[in-house]
Amino acid sequence: VSIALRPILAAEDEETDRFILNLAFARAKLPHPVVTVRSGRECVDYLSGVGSLVDRPLHSLPTLLLLDLKMPGMHGFEVLEWLATRPQFKDLPVVVLSSSSDASDIQKALQLGARDYIVKPHSLDELVKVLQRLHERWCL
Amino acid sequence: LRYGVAVGSIVLGWLARETITPTIGPTALPFIFFFPAVAMAAWYGGLGPGVLAIILSAVAANWFFMEPVRAWAFRTPGDVATISAFVFACSFIVGAMEAMHRARARALADARKREAAELETRQQKELLTTTLASIGDAVIATDTDGRVVFFNTQAEALTGWKMSEAANRHLSEVFRIVHEKTREPLENPVERVLRLGTVMGLANHALLIAEDGREIPVGDSAAPIRQPNGSVFGVVLVFRDVTLQRKSHEVAARLAAIVEHSGDVMLTKDLDGIIRTWNASAERLFGYRPEEIIGKHVTVLFPPDRLTEEDYILSRLREGRPVERFETIRVAKDGRRIPIAVSISPLKDADGQIVGASKIIHDITDLIATREALTNEKELLATTLASIGDAVIVTDPEGRITFLNAEAERLTQWRNSDATGRPLPEIFRIMNEETRAPVENPVEKVLRHGGVVGLANHTVLTAKDGTEIPIDDSAAPIRHAGGPLLGIVLVFRDFTERKQAEKALREAHEQLADRAGQLEKLVQERTARLQDVVNELQHVSYAMAHDMRAPLRAMNAFASLLAEKPSGDIAPADAQEYTRRIIVASRRLDQLIQDALQYTKVAQQEIPLGPVDLSKLMRDLVDTYPNLHSDKADILIADRLPVVVGNDSLLTQCFSNLLGNAVKFVAPGVKPKVLVRPEVRDGAVRIWVQDNGIGIPRNSQSRLFQMFQKLNSEYEGTGIGLAIVRKVVERMSGKVGVESEPGAGSSFWVELPLAAGGDEERSATT
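Heads up: the protein sequence lines correspond to chains F and D, in order. First residue of the first sequence? That's 1 in my numbering, and the numbers climb one at a time after it. First residue of the second sequence? That's 1 in my numbering, and the numbers climb one at a time after it.
No lab work stands behind these hints, which were simulated from the structure alone. All values derive from a computational prediction rather than experimental measurement. Careful, some of the hints might be misleading.
[Claimed, not checked] Here are the simulated SDA-like cross-link-like pairs (lysine to any residue), alpha carbons at most 25 Å apart as the crow flies:
1. D:Lys-162 - D:Ala-89
2. F:Lys-29 - D:Lys-296
3. F:Lys-29 - D:Ala-575
4. F:Lys-108 - D:Asn-699
5. F:Lys-29 - D:Tyr-578
6. D:Lys-333 - D:Leu-380
7. F:Lys-90 - F:Asp-116
8. F:Lys-29 - D:Ser-567
9. F:Lys-29 - D:Ala-563
10. D:Lys-503 - D:Leu-380
11. F:Lys-108 - D:Lys-162
12. F:Lys-129 - D:Arg-549
13. D:Lys-616 - D:Gln-538
14. D:Lys-503 - D:Leu-485
15. F:Lys-129 - D:Lys-521
16. D:Lys-664 - D:Glu-751
[Said to hold, decoys possible] Where chain D lies over chain F, by a calculated footprint (3+ residues, C-beta under 8 Å):
17. 40-48
18. 92-104
Beta carbons are placed, not taken as given, at the ideal position from N, Cα and C, and that holds for glycine.
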């Protein structure tokens, strides 16, 4: 049914956080499929269609990117910088979902082109609500 | 005369024969009166006149009284015989007379010789007796039995015996000697001499006990008296009262001790300048020991530029004049130049002949310093007075001016040289500004009050040219502490001139501003330092907030999953999984807190530094941590690691983190291989920890040592380990770094200062 909908891409390195994120997506019952990648590098690879992810129909360009900041290898900021240099992604909304509530992190993320910055909520219910709100705002 | 007597007696003989011619005829008995005449001539005149008388008699008898008378011709041979007989007989007479003369002359000569010899003997004896009697020493002579045969006056005086009493007594009776200390009787010297047959001195410390009980210390000698054939026929004992000698010895010894231990440097030299005595103070001052310096020329103490002083000193000494307190420089053994004052007096022998000099030397280093200080102080005071901004006038106690400084000269318009000696009121003319009445002479005021006095307000000084200057002043007596008044000092200033005050104020302002600037700078520095600390704290708290919330979120999420349904409705496998995740998250949170605490501890605690033997530290580490054991990892440690300056427990922490990382970050299934090796770089050493791990991407290496930096989420860890390593090494003034390629392993290094003498310690421990 929803095969035509482009996926929501989530980049999250922490296995536990990915688990919780997937759980929250499941609870949020969003129509869009969700693709999770485990690092900044994987995220960039997915977007540029390298490696195992070249099969674009299956892994079509996302409608929203949920980006963690602190990731080993390629940091979230580096992903934002990379995106900024690629005109084809200028309409891709990127929302940072990070543990950091530091003002300088927020400011820098917004400067680098993030549409929104959300501090990871403490409870699962909150996260579900956040995902639903983001979906309403960016995916409809 | 002798020949005249001969001729005269012959003439007398002829005249006597002529007188009897009328009686007996002209030719009878021609020679009768010539016999006594010849005898007379020979007796009186000796051989020559005798022979002359014989010849004259024969001639006269032949001419006057033999036939033919008044002619030389012999009438008969009998006449010749007669004359020959006469000559012969007369020759006997003359010979006998001559023999008599000679015998008499010989006897006379003998008598004279004997007389002279006797005189000589007598004189000698006299001389010896007088000598012995009047000699300063006491003399006793004894025979071989020890009986007294001679006793001189000194012996009488010392023993208390009269010669007449002592004669024939045994020596031991009149010459009793005991040992000064033990009072044991000493052996009779006469017996000893007789026994040994040689000259001998008495034992020291002999004490003679006189007849009246007086005890006299004596020094003596005894000698045998020998006859010309060598046999001993007596003993002579010579002794003297040594009380004075003993005393003078004591005095001399005391004087020597005084000189030796005197605090003053004393030395003596002879007229050639050779040092003869040298006391302990001299040794202390100059550093030469007596045996080093005695016999050397005194100029060894002279600096080369002052050698001529010795000529001057010697020339004065030869004239017998002392050199009193001569200040100069001398050189000690170690080359130190010492300012000294030396007094030199000539040394005279018993005859008053100058034989050398004694020197008393004072080290005047302190004096010179004091003098200099005094001069400086004087100079300083004079300069201060002269250049002081206030006017200063100094007077003697009578109020006559002795000094005006520059400002006083300016205000009064008197020159110091002109004003000196004049009474104060003449130069320092002051009056009340309003009443214009003269103000009392401050000198008189001071004399009356005896202390510091201030002038009345509104005082005006009238300068030489009549200018009036309002002044402000005070006067004070000058006196030594409690001493008499030396003078009065008057200090005043031009009251109209406030420039100085303003200047002072300006300077104070500037100083204040300067000080404020310094303070500001200090505050900035301190703030910067505080800011550093705050930044560090912010960094930590940020990282904590970020990383610690993740496990909390997980715990919250899984706990709420467990809580939202009755436990029966959750699949047991899910429940187990959620619980496991909660436990993992809580463990992780705990680890984070512990590591964060560890980091702050490392960053803040006091760390005592000392030598640390890295070889031992590494061995202990490998032994302690199971994951470093050889069954899990191959760890090769170079066998000569140096001793470094550091803190044992912090270095343990540092290398356990590095070794732990080295064995942790390997590809799955690969056995970790770690090599630890030193690289010495001047004064420091780099310890490399080289592994065969997965390596680190170049762009991540820069933030590798920051807090909570995890480069790979597939490996467990909090991301604090390397931050701790960096902090630890920084705290020990070291450096840390890494060289790595992904897939090619990593080489972490820690650079630490080497311990001084580390080589010895290292070899001692290996």
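Q) Quick check: which numbered hints come out false for this structure? A) 1, 2, 6, 11, 13, 14, 15 and 17
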